[in-house]
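Once you've looked at the hints, dock chains B and C with the ligands against the given chain A.
Residue numbers (the working numbering), protein chains in the order written: chain A, 252 to 494; chain B, 14 to 204; chain C, 798 to 1159.
No lab work stands behind these hints, which were simulated from the structure alone.
Any given hint could be a false lead.
[Said to hold, decoys possible] On the chain C side, residues computed to face chain B include the following (Cβ under 7 Å):
hint, residue
1, 807
2, 811
3, 860
4, 986
5, 1064
6, 1065
7, 1067
8, 1103
9, 1142
10, 1144
Using N, Cα and C, we set each Cβ at its ideal position, and we do this for glycine too.
For reference, the chains in residue letters:
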Amino acid sequence: MKTVFKRTPTYKDVPTHYCPGCGHGIAHRLLAEVIDELDIRDRTIGIAPVGCAVLEYDYIDVDMVEVAHGRAPAVATGMKRTNPDKIIFSYQGDGDLASIGAGEILHAGHRGEQITVIFINNAVYGMTGGQMAPTTMLNQVTTTTPKGRNAVEQGYPMQVCELLAVLPGTIYIERCAMSNPAAIKNAKKALRHAFELQVEGAQGMSLVEILSPCPTYWRMNPPDAMAWIDREMVKAFPLGKIK
Amino acid sequence: MQDTKNELYEELIIAGFGGQGIMLAGKLLAQTAMNCGREVTYMPSYGAEVRGGTANCMLVIADNEIACPVVGKPDSLVVMNKASLNKFAPILKNNGLLIFNSSLIDIEPDVDESIEVIRLPADELAVELGSIKAANMVALGAYLQARGFLDIESAIQALPEILAERYHKTLPLNSEALRRGAQFAAGAIRR
Amino acid sequence: MKVNTELTTTKRVLMCGNEALAEAAIIAGVDAYFGYPITPQNEIPAYMAKRMPEEGRVFVQSESELAAINMIFGAAATGKRAMTSSSSPGISLMQEGISYLAGAELPAVIVNVMRGGPGLGNIAASQSDYFQATRGGGHGDYRTIVLAPASAQEMADVMPLAFDLADQYRMPVMILADGLLGQMMEPVLLEKKEKRKLPPKDWALTGAKDRPQNIVRSLWLKEGVLEKLNEKLQARYAQIAENEVLCEQYKVEDSDIVLIAYGISARIVKSAVTKARKEGIKAGWIRPVTLWPFPSEQISKAAEELRIFLTVELSCGQMVEDVKLAVAGKSPVLFFGRTGGGVPTVDDVLNQIRQLTIKHKS
Ligand SMILES: Cc1ncc(C[n+]2csc(CCOP(=O)(O)OP(=O)(O)O)c2C)c(N)n1
Ligand code: SF4
Ligand SMILES: [Mg+2]
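So that you can see chain A by itself, here it is in the shape it has in the complex (with noise of 0.2 Å):
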């Protein structure tokens, strides 16, 4: 018989607490992967945000942080520089890393500190229940945009990768999806590059967001959210390497 998935060692053999067709467990499994196949498990230390993914220590079995909403890109500077041979990752989701915690990505970026920074953009607040985050869609329903976002009240979807990639503090920037088997390749390819720069010691930040579905706020079945990243998502979050 032919093993058609084999588990990645860093990838604990637990099952996971996110809801069927999540992009989340899908990530970390790339993540895992990633880790393993450039052999950095036992010198990397991951930041997990406050958000779906919080307890993501539970399943990346390298050492791990859990930080304050949004202030990881803060934690993992006061890491890296204090450890410039670790490898070190944040894993935020987009209330975590492009709302409350705008400031401190920014600013990584714009000092350029050697990290990776995987951005989970899955359009809504998953965690707190459904509510709207900055790159929710246009006329999208959530539980605080009930007649759907309108960009004259609560602006358009925010481009993260569009405004970091203007800081010459930024050396790679990607945007992925989670929305069908040829991306999530891709997306895994992007997340190997990210991770490789900071292996070479290239002098900046590295970050891949990926386009991830929650099917449940997004109140579709697995296929159908998959399906919606592929139409609709992308129009707001053109996929492809940005810088």
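Frame of chain A, contents of chains B and C with the ligands only:
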């Protein structure tokens, strides 16, 4: 200035406007006192207060441990402009010492009879030596001479320690200014 | 790269409190300093910006105090000695991070060179952050150890102690100074102190090499787990209260009136009490050096005999509440203070002593 057991306990305020080198004079006095084995506290005014134009510092110099570094009633007052004279003269202790920069202060200070007053043309003396900037050192020289518990040569020795390296070319000027101030005070007619 | 040119001195040098504190932190082995400018403590980041790189250590000017405290969180999580300094408004912004440090049991040293408040207040010296410092300040059931130096020398002396306490008890330690202490220059002797015997940091995130994964966290969702953690923290706090109280006192036993003050106020009080004694008034003083744990026992003991307690603060009356708790109604507790940048003179305090002791006698 003197405690009952003849122990030194001198509280002093130096005041003027920003740019007159008030802080530098205070720091030099503090450094000199420390070098000579005294206890000393030096408290500068800081921040917006300085930007507002006035500058002052408080010093306490003593033989033994200094408790309070905040000077409420100074034994001595060195003032370089009129605003500072008006502000601090009323709190000067009886039997204290007042040195004022008569180059900029054209009034007779209204202080208690018991206070020793030295009217020092600090700016003019400094200009004679080559730069008005040395007026602070002229004033400090006069103070040291009038009080007599620290000598001028110790202050001159301490100068390089408090002046940033890039100003070391002004050492001869500042040394001369200290001496000139002392000389003036030695010959001054006091009230 | 370790250069080790730490400026230990065998001779006294004239330094302002802020610089003395900064150099003492370097001597105490601080690995990283993170901070954001604010008066009246700007001498600390300026000093660190120059000295830390000379020592091969880390200095970062953060984009905010929020970031600074989280940079410390990161460095501390990897087992490094990290510190920040700020003044009142900046410390308010750090409260989130301080609570997380407490929850995650991470050591850190935070310096508050207090200024006037509330709001932007002013930059003059003040002691109005006592409540914030000693009650925890942020959310949750936690404490920070609070040390209150009273001279430039003590600004230096508290640093090695602060780092040792933080490491020993795995918690944030705060230095509570004020603008005057920060700016004032005094002769300082900088010596290397022997470190306490400290437990190994086997919890630190160093990469899971040949050991299971380490996790530093403060979220505990499972029923009862957070309660257990909080009980563990409380037991630790009790141990600290038992072992780490520091205070100075003077002629308390032979006194009719005891003044209680910390930091710069204590200096004013000392002079006032000395003057009162010369006038034949039986005055003494107690000066808490640790504000948390508070020297309640010492004060309670002093209150066993009836005498007046007068607390002097640069605030509208904050520490006085702890004094009242300690005295527990056994003696009268009064307050004298100035606020918003006002500083009482020695004579102001002396007059209070005179009035209170006259009233007391009649
Ligand atoms: C200071 C603070 N404010 C608010 C919260 C509540 N909160 C927890 S998670 C979250 C939003 C998370 O959304 P996102 O970052 O998009 O992550 P997701 O759950 O969608 O993966 C919020 C607002 C918090 N924990 N801390
Ligand atoms: S709420 Fe959304 S983001 Fe959170 S676990 Fe469920 S699907 Fe995933
Ligand atoms: Mg989200």
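Checked hints:
1. With its C-beta approaching chain B no nearer than about 15 Å, residue 807 (chain C) sits outside the 7 Å limit, and its interface hint is violated.
2. The closest approach between the C-beta of residue 811 (chain C) and any C-beta of chain B is roughly 5 Å, which is under the 7 Å cut-off, so the hint is satisfied.
3. The restraint placing residue 860 (chain C) at the interface with chain B is violated, with a minimum CB-CB distance near 23 Å, outside the 7 Å limit.
4. Interface hint status for residue 986 (chain C): violated, as the beta-carbon distance to the closest one in chain B is roughly 11 Å, over 7 Å.
5. For residue 1064 (chain C), the suggested interface contact is upheld, since its CB lies about 5 Å from the closest CB of chain B, less than 7 Å.
6. With its C-beta approaching chain B no nearer than about 5 Å, residue 1065 (chain C) sits inside the 7 Å limit, and its interface hint holds.
7. Taken as an interface hint, residue 1067 (chain C) checks out: its beta carbon lies about 4 Å from the nearest beta carbon of chain B, inside 7 Å.
8. Hint status for residue 1103 (chain C) relative to chain B: violated, with the closest Cβ pair at about 27 Å, above 7 Å.
9. Proximity of residue 1142 (chain C) to chain B holds as hinted, the smallest CB-CB distance being about 3 Å (cut-off 7 Å).
10. For residue 1144 (chain C), the suggested interface contact is upheld, since its CB lies about 6 Å from the closest CB of chain B, less than 7 Å.
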